[in-house]
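Participant: Sequence:
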Amino acid sequence: MTDVSFYKRGGRDKIIINKLWRRERMSLHLERLGKNICYYRNKKDLTQKQLAEMVGCATEDMSRYENGRRKIPLTTLNSICEVLDVSIEEMFTGITDARLHANDDKEAEDWVYKEFARITSGCSEETVRSILNICAQILDMPKG
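Under this note's numbering, the letters of the sequence shown match residues 6 to 149, in that order.
For the record, the hints were derived by calculation from the structure and aren't laboratory data. This structure is a prediction, so every number in the text was calculated from the model and none was measured. A portion of the hints provided could be inaccurate.
To be verified - Below, simulated BS3-like cross-link-like pairs (lysine-lysine); rule was C-alpha separation at most 25 Å, straight line:
no. : residue 1 : residue 2
1   : 76        : 49
2   : 40        : 76
3   : 54        : 76
Claimed, not checked - Each pair of labels, with its calculated beta carbon distance range:
no. : residue 1 : residue 2 : range
4   : 76        : 127       : 17 to 23 Å
5   : 34        : 61        : 21 to 27 Å
6   : 63        : 141       : 42 to 48 Å
7   : 55        : 140       : 36 to 42 Å
8   : 132       : 74        : 20 to 26 Å
9   : 145       : 68        : 41 to 47 Å
In this text, a Cβ means the ideal position worked out from N, Cα and C, and glycines have one as well.
Use the sequences and the hints to build the structure in full.
Facilitator: Right, dumping it as structure tokens:
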């Protein structure tokens, strides 16, 4: 965690902290995107090598994309989505239109639980509690 007094000194220290924070946020997004690529690839019963060949990239690159260690060029991401028959929005969020509009409350509840578990896997207990607090605050916001 960042020491607030250190952060308030400003100048170069503040710039370094901001860069580290942005890099950490980016790596979390890349990890989530990579997990989703892996999930949808496995759902289609494809290997990394097969998907890489279909997309036109190296197998090593596909591995790095799935592990969140390399940024994915937009053209490559678009090709991956086309091959896996997934929208870009769904690839980023993991939410399909069918899941979004689930009529059965039990099905929706189960889906929310599974998605929360998937998204927070590897997070510390403190981070999970923070996420739950943010969700509670959002739910308490006035509608409309």
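Participant: Hint by hint, work out which the structure violates, then give me just those numbers in ascending order.
Facilitator: none
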